[in-house]
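Number of protein chains: 2
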Amino acid sequence: MIEVFKTKNIGFCFGVKRAIKMVIKEAESNDKIYTIGPIIHNPQMVGMLAQKGIKPVMDIKNITDGVIVFRTHGIKKEEEDFVKQRGLKYIDATCPFVKKVRRHAIMLKKMGYKVVIVGEKEHPEVKSVLSYLDNDGIVLQKPEIIDFRKIGVVSQTTLEKEYVLDIVKELLKEAKELRFFNTICDNTWIRKQEASNLAQKVDLMIIVGGKNSSNTTKLYETVKKIQPKTYHIETDEDMDKDWFKGIKRVGITGGASTPDFLIDMVERQVKNF
Amino acid sequence: MIEVFKTKNIGFCFGVKRAIKMVIKEAESNDKIYTIGPIIHNPQMVGMLAQKGIKPVMDIKNITDGVIVFRTHGIKKEEEDFVKQRGLKYIDATCPFVKKVRRHAIMLKKMGYKVVIVGEKEHPEVKSVLSYLDNDGIVLQKPEIIDFRKIGVVSQTTLEKEYVLDIVKELLKEAKELRFFNTICDNTWIRKQEASNLAQKVDLMIIVGGKNSSNTTKLYETVKKIQPKTYHIETDEDMDKDWFKGIKRVGITGGASTPDFLIDMVERQVKNF
Chain A
1 MIEVFKTKNI GFCFGVKRAI KMVIKEAESN DKIYTIGPII HNPQMVGMLA QKGIKPVMDI
61 KNITDGVIVF RTHGIKKEEE DFVKQRGLKY IDATCPFVKK VRRHAIMLKK MGYKVVIVGE
121 KEHPEVKSVL SYLDNDGIVL QKPEIIDFRK IGVVSQTTLE KEYVLDIVKE LLKEAKELRF
181 FNTICDNTWI RKQEASNLAQ KVDLMIIVGG KNSSNTTKLY ETVKKIQPKT YHIETDEDMD
241 KDWFKGIKRV GITGGASTPD FLIDMVERQV KNF
Chain B
1 MIEVFKTKNI GFCFGVKRAI KMVIKEAESN DKIYTIGPII HNPQMVGMLA QKGIKPVMDI
61 KNITDGVIVF RTHGIKKEEE DFVKQRGLKY IDATCPFVKK VRRHAIMLKK MGYKVVIVGE
121 KEHPEVKSVL SYLDNDGIVL QKPEIIDFRK IGVVSQTTLE KEYVLDIVKE LLKEAKELRF
181 FNTICDNTWI RKQEASNLAQ KVDLMIIVGG KNSSNTTKLY ETVKKIQPKT YHIETDEDMD
241 KDWFKGIKRV GITGGASTPD FLIDMVERQV KNF
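Residue numbers (the numbering used here), protein chains in the order written: chain A, 1 to 273; chain B, 1 to 273.
Everything labelled a hint here was simulated from the structure, so no lab data went into it. Be careful, since some hints might not be right.
Which copy? The list can't say, so a pair holds if one copy fits it or any two copies do.
[Unchecked claim] Listed next, the in silico DSS-like pairs over lysine-lysine satisfying Cα-Cα at most 27 Å (straight line):
(1) K110 - K176
(2) K84 - K241
(3) K84 - K61
(4) K114 - K169
(5) K76 - K142
(6) K241 - K224
(7) K109 - K150
(8) K100 - K77
(9) K32 - K229
(10) K241 - K61
(11) K161 - K150
(12) K169 - K142
(13) K225 - K52
(14) K173 - K224
(15) K100 - K110
(16) K169 - K271
(17) K109 - K169
(18) K176 - K114
(19) K100 - K169
(20) K6 - K224
Quantities reported herein were computed from a predicted structural model and do not represent experimental measurements.
Kindly generate the complete structure, drawing on both the sequences and the hints.
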């Protein structure tokens with residue numbers, strides 16, 4: 001019999017829970033709900049919401065009716081402008097922590113700082129923040145010196161603190177003034193701590209979450225370093241019985257956008273093996 | 001015959017030159033001039049000024065007439081208050097770069113930051129800045145984590161950048177917001193660069209300057225690492241003929257408060273050996 005252990009912070013984080021609640025409530029009275037890009041980075045949850053009439057669209061230009069949802073990672077400024085100019089109905093499900101990144105970035109730009117966003121160039125959160133600076137900002141993915149003397153720094157919410165600080169340290173070398181906001185989401189950090197602790201006590205770790213989810217992928221990378229037998233899966237069907245041969249203790253955790261029901265299904269399946 | 005090389009930036013720095021000019025001008029029309037503490041950290045220059053009637057006092061409480069000079073490192077807020085309340089005549093010879101440290105520190109405090117001064121607890125510049133914060137600031141001499149989330153950092157003007165940045169990096173770990181002003185004086189840095197370069201090309205280095213001078217002492221420490229045969233002297237009389245046995249090339253440099261005449265005397269003496 002395999003013993004299963006889960007981390008304390010599991011299931012949706014605050015921002016995702018809030019967003020899902022908002023759209024489900026809206027779906028009660030509306031049957032045409034569009035999210036600009038997937039509302040969260042979890043294909044299974046997005047699939048379930050689609051059955052309730054909540055559908056991701058990549059280009060909002062063709063939408064003329066229904067309700068538009070600003071997803072957790074934030075949308076681009078030009079998309080927000082478009083929605084408002086057209087007078088379309090919308091609900092803003094942007095994570096409040098992501099909005100804080102944006103708010104700090106806008107304020108820094110206004111105050112004359114060259115804004116640096118530490119983050120992944122292609123991540124929607126980073127693209128969103130950058131768009132609110134009218135793309136007048138620098139995205140850094142690795143330590144680099146930039147030729148500005150007054151530098152303001154924010155970071156993508158789901159990054160590792162050490163990774164972010166290494167980049168800030170490099171910027172300090174040439175800055176005359178540097179202002180840094182630690183906008184890393186505490187929950188991401190707590191999940192990593194809990195998962196790292198759990199990984200030391202089990203024979204195998206399962207990380208449940210979207211393959212397109214930045215925080216889940218980073219959680220996997222962190223845990224994998226501690227427990228080489230770590231797997232990143234989206235659903236119970238991704239698991240292979242062979243993984244569990246001779247395994248007695250299994251740890252399960254998930255990303256910020258992983259719904260409880262997927263965790264439960266994985267847990268049941270592991271116990272069945 | 002010993003060949004002598006000097007660094008390009010030698011003699012008084014901008015702030016010291018300015019201060020000396022101010023007091024000498026004042027001495028033309030006034031025979032009672034008091035500086036609160038030595039106006040600069042060079043005993044020989046301070047001795048020369050004393051002959052012109054410019055005398056350091058440690059406690060201003062007994063002064064009732066004459067002119068009071070605020071020295072290059074800055075004076076304490078309570079001393080400034082005392083002078084102004086008494087209606088005493090004064091001239092402010094505080095280095096403008098030191099005043100910038102103070103200005104940034106006061107602004108940071110007003111804006112709700114916990115102010116950290118990276119510097120030597122006993123240095124008059126640091127004590128001065130701290131006094132203008134009503135002593136509500138933290139002086140750090142080594143990397144330490146402090147329990148404040150909004151941190152504003154300035155540094156003593158004469159420190160090494162790497163030393164300051166190591167302390168800032170540690171503070172970054174727990175700060176939610178950190179605002180850093182690089183208030184290190186460029187001239188200090190340039191002198192170190194020039195002295196380090198020169199040290200690689202000579203057989204022996206002489207650093208001329210007050211033993212109580214922070215920037216001279218640090219210059220000595222930096223150069224000593226490159227050229228083990230490095231000596232910190234105040235005047236030509238501190239030199240020993242034996243140092244120069246078998247030496248062909250000698251480098252000479254000085255701190256920000258070392259007058260040209262001391263450098264010249266050292267140069268002449270070295271050539272005599």
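Checked hints:
Taking identical chains as interchangeable, the C-alpha atoms of K110 and K176 lie at most 27 Å apart whether they share a chain (18 Å) or sit on different chains (20 Å). Taking the shortest alpha-carbon separations for K84 and K241, neither the intra-copy value of 51 Å nor the inter-copy value of 84 Å comes in at or below 27 Å. In the homo-oligomer, the alpha carbons of K84 and K61 lie at most 27 Å apart inside one protomer (12 Å), although the nearest pairing across protomers, at 68 Å, exceeds that limit. In this homomeric assembly, K114 and K169 come within 27 Å of each other (Cα to Cα) both inside a single copy, at 16 Å, and across copies, at 20 Å.
Only within a single protomer do K76 and K142 lie at most 27 Å apart by alpha-carbon distance; the minimum there is 24 Å, versus 43 Å between protomers. Within a single copy, K241 and K224 get their C-alpha atoms as close as 19 Å, which meets the 27 Å cut-off; across copies the closest is 66 Å, which misses it. Proximity of K109 and K150 under a CA criterion of 27 Å is satisfied in both settings, with 10 Å inside one chain copy and 19 Å between copies. Taking identical chains as interchangeable, the C-alpha atoms of K100 and K77 lie at most 27 Å apart only when both belong to the same chain, with a minimum of 15 Å there against 38 Å between chains.
Taking the closest pair of Cα atoms, K32 and K229 never come within 27 Å of each other, the shortest separation being 43 Å inside a single copy and 82 Å across copies. Taking CA atoms no more than 27 Å apart as the test, K241 paired with K61 passes in neither setting, with 46 Å inside one copy and 86 Å between copies. Within a single copy, K161 and K150 get their C-alpha atoms as close as 22 Å, and across copies as close as 17 Å, so both meet the 27 Å cut-off. For a Cα distance limit of 27 Å, the shortest separation of K169 from K142 qualifies both inside one copy, at 11 Å, and across copies, at 17 Å.
For a Cα distance limit of 27 Å, the shortest separation of K225 from K52 qualifies neither inside one copy, at 39 Å, nor across copies, at 71 Å. For the identical chains of this complex, K173 and K224 are inter-copy neighbours only, at 24 Å across copies versus 33 Å inside a copy, given an alpha-carbon limit of 27 Å. Taking CA atoms no more than 27 Å apart as the test, K100 paired with K110 passes in both settings, with 15 Å inside one copy and 23 Å between copies. In this assembly of identical chains, the alpha carbons of K169 and K271 never lie at most 27 Å apart, being 46 Å within a copy and 46 Å across copies at closest.
For the homomeric pair K109 and K169, the shortest alpha-carbon distances inside one copy (20 Å) and between copies (23 Å) are both at most 27 Å. In this assembly of identical chains, K176 and K114 lie within 27 Å of each other by CA distance both inside one copy and across copies; the values are 12 Å within and 19 Å between. Taking identical chains as interchangeable, the C-alpha atoms of K100 and K169 lie at most 27 Å apart whether they share a chain (22 Å) or sit on different chains (23 Å). Taking CA atoms no more than 27 Å apart as the test, K6 paired with K224 passes inside one copy only; the shortest distance there is 16 Å, against 58 Å between copies.
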